[in-house]
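Novice: Read off the chains here:
Number of protein chains: 2
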Amino acid sequence: MRRRHLAVLAACVSGVLVTFTLTGFGNANDGHSSAGDGLPKTWTVYAGNPEHNAEFPLPEDGSEAIRKGVSWQFREAMALPLDAGPMDEDVLGYQAASVKTTQMIGTAVGVTAANGRIYAESDWNHVYALDAVTGREIWSAETINEAMGNPVVAGGLVYVGLGDTGFSFSNVLNYASGARVTRGMGFGAVSAFDEKTGREVWRFSTKGQNMPSVVYLHGRIYFGNGDGHMYAVDATTGTQVWATDVGGFNSMSSANYWHDPATGRDLVVAGFSLPHALVAVDAADGHEVWRATVPNVYNTGMGDNSPTVDSRTGLVFQNTVVDFDKATNTSDLGLFAVDAHTGAVRWETKLGRGPSPLAYKAAISMVHDGVVYVGNPATGHTTALNEQTGAVLWETDLGTYSWKGATYQIQNRGGPTLYRGVLYQAAGAYLFAMDPKTGHILAKINGGGRFGIVNPVIVGGTMYLGNSWGWVQAFPLSTLYPGWATHQPGDSR
Amino acid sequence: MRRRHLAVLAACVSGVLVTFTLTGFGNANDGHSSAGDGLPKTWTVYAGNPEHNAEFPLPEDGSEAIRKGVSWQFREAMALPLDAGPMDEDVLGYQAASVKTTQMIGTAVGVTAANGRIYAESDWNHVYALDAVTGREIWSAETINEAMGNPVVAGGLVYVGLGDTGFSFSNVLNYASGARVTRGMGFGAVSAFDEKTGREVWRFSTKGQNMPSVVYLHGRIYFGNGDGHMYAVDATTGTQVWATDVGGFNSMSSANYWHDPATGRDLVVAGFSLPHALVAVDAADGHEVWRATVPNVYNTGMGDNSPTVDSRTGLVFQNTVVDFDKATNTSDLGLFAVDAHTGAVRWETKLGRGPSPLAYKAAISMVHDGVVYVGNPATGHTTALNEQTGAVLWETDLGTYSWKGATYQIQNRGGPTLYRGVLYQAAGAYLFAMDPKTGHILAKINGGGRFGIVNPVIVGGTMYLGNSWGWVQAFPLSTLYPGWATHQPGDSR
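So the sequences go chain by chain: A and B.
Residue numbers 8 to 500, in the numbering used here, belong to the letters of the first sequence in order.
Residue numbers 8 to 500, in the numbering used here, belong to the letters of the second sequence in order.
These are calculated hints, taken from the structure and not from any lab test.
Every value quoted in this text rests on a predicted model; they were computed, and no experiment measured them.
One or more hints might be untrue.
Since the list gives no way to pick one copy over another, a pair counts as held whenever it fits inside one copy or between any two copies.
[What the hints assert, rightly or not] As a list, the in silico DSS-like pairs of lysine-lysine whose alpha-carbon atoms are at most 25 Å apart: (1) K214 x K411; (2) K444 x K357; (3) K411 x K451; (4) K214 x K333; (5) K333 x K444; (6) K214 x K451; (7) K451 x K203; (8) K357 x K411.
Could you put the whole structure together from the sequences, leaning on the hints where they help?
Specialist: Okay, here's the thing in structure tokens:
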């Protein structure tokens, strides 16, 4: 980490505006301020770090309230009633509403914790800054299109990718004729908002949609998007630094990065569809360094999932829907590992078949201490795998719920967070605490509404989440799992 | 008209809630209240009547201010600056923004005048009720998706169709494989709002989008939509009366109706794409009565335009993009007439080739006294045709405008309104007054922003319009054309 800090200080000396972020790159756990609330000062990538383990133990002088655990609920624009029951078609009328509410109303992929605030993006064209202790709205801003990612916070600005899931009729024709397809009907843009006021400071417009989260690195914003490009934009001015046409289109694959300690080079990685590929480009100039794929990718699976990076081992993990069977309308979920140095696929493990998930599909994986954790919407299971071999260590069925006399598999699109020896995950209406060594379910509570693709953010004794029905919530860990502070991994059976 | 009034009174006697609409069916000109503002009491179809001639001479006791001409501007959510210049990409950054702003921000197809109010739908998920004299907001309501039509007002409720233009990736695949295609990614619904308060009273959800305007007839709402159906819904309760699968998908073809004086039957008519057809169903039970088409329809042309009906002659007029030439990327605009009794195409006239218009394409025609009037976005011309033969009576080039040293054809997507011997039309940033006999341009003023597919609504001495940049405006006719009150058709050359 030392080299990075020096790099930022050098930038300050040469006159570049870096007023906030003398710490906080790379592993988010070292990004705390030296005084005040104790939340990270910056949030540079989806889930707060390349590993997607969104856990932030408070420093000694951090907020005592957050350490004990705060509890609040914030209702976004157009939120559905939390207690309406698990079947949102009862509220919205149409049988496929379940698919639509994950993309049309709420917070699609969880929240951001930075500088004493929780930031959330809403599919209902909003971004919110909330007080982390009280849940009170500090500001909200209307956005030019749907906002479906984690806000990225750095340098006094909040970066929000904007777009929508639609294809124009021109692109329907393009696909049929074998021509190139762009995703996004409405405005595609990345907007930067003033962290203090919510005022839009700049907006960078593109042809395709930019719903996934962006990456902030050293004064630039990076992202892959719906017109098949990787972009680098100056974080202060919003002007383009480079754009690389990598082909296909990105749907919801948030960019990630790998810092190569041997060469000092940063790679930016994101998934694309048609052609299906995980693509890595050089952050300096955008040239393509490698691309990787697996056989039999189905639908938009590759461009709908966000890669996870183990900064220490240089392995990149991506999952995608594979092996669609038309007769049974089932698919498998393939999780694969790519060597970030070479782009070689090291292994692929099939996580289990089930009904083909519609639309935005799979949980985003998390890697910690040599183990990859991921939810599987096709089976409802959560799986832990050896990150070097892909061998399954354990697999846990998150179970079912009942509604009006019928029983349903809990929809498992969540990515876990590992904090102080306990694995936390959201799925359906529920929050789970699991033993990370065995997968044993330690506790389960009903949070209301429905959680979509979300990695819980844990700060001190508090868990922060957004849900698909338009709520941002804070839960004390003690109400979820009373033994949270003392649990020893493996002690659960 | 007598028969209809009796039917409504009968409904009252049998206990059905009909408190407002004892007058006002059919030709909107007879729908004035007997006291008060003088605006129509109901607005049952796009542009206020089947002929799409949205003109309302005030009764003797109508509003003196509206008779003299009122002037105001109402700014909708997310409106763009009116004075930003004609090229909205200067505001929004991306070269194709012009196409997107007609579908993403403002009022796509004009406004509704009823009961002292101007009602406007916004692509930015809103419906507004404004005071017709002052432009002051009386209420606004957020809608579950984009609202791109004319609000229909009857029986104390305001009916708004909702949806979006996108295709899901599933539908991209469907088209490529020859399977059925549905339009609309987000929620598709028709919502009914309380005319007094804006409270949503009911919502009828569908699989596809419902952006076009609906028709109100005798206690029911009728519309064609993005899942290829014609629907009849009870206007008071929102429950389905019938649904007919007519195939294909409707994009922006607002329903119209023809009352057959010989049989007493009402037909409901709307356009669909894939297959391309203008479809008429019986309002009573939804059975298909006829369908009509012309050769070489291009893209979604047929389902993107709204049919016009001459109630007296029983002719239905529809235009569509035809004869696409790939080499030059040009198309023609075909206007055709259908005999509403038989569904036979009586004539088709090609209105002139030009650059193929993107997305939502053509002006909605208006018929008055045996003449059909229509704008042509491919050529920028407005054309008048004999409604019985399709012979062109005159054709007027609306001219060009300059912006930053370059010259552009004025985008002509407007439908005219004929009032007291003058033809009024909006195109680009401009409002035109023309002689209806010769097409001679009598006057032209710059209204700011950009007018899209809009038929001006004229009440007394005031013109009401919505524009694509998110403004609802009232213009005194005297500021547009000082001779408006005394002009004699044909006196212009």
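Novice: Of all the hints given earlier, name the ones this structure violates by number, lowest first.
Specialist: Checked against the structure, the hints that fail are numbers 5, 6, 7 and 8, while the rest are satisfied.
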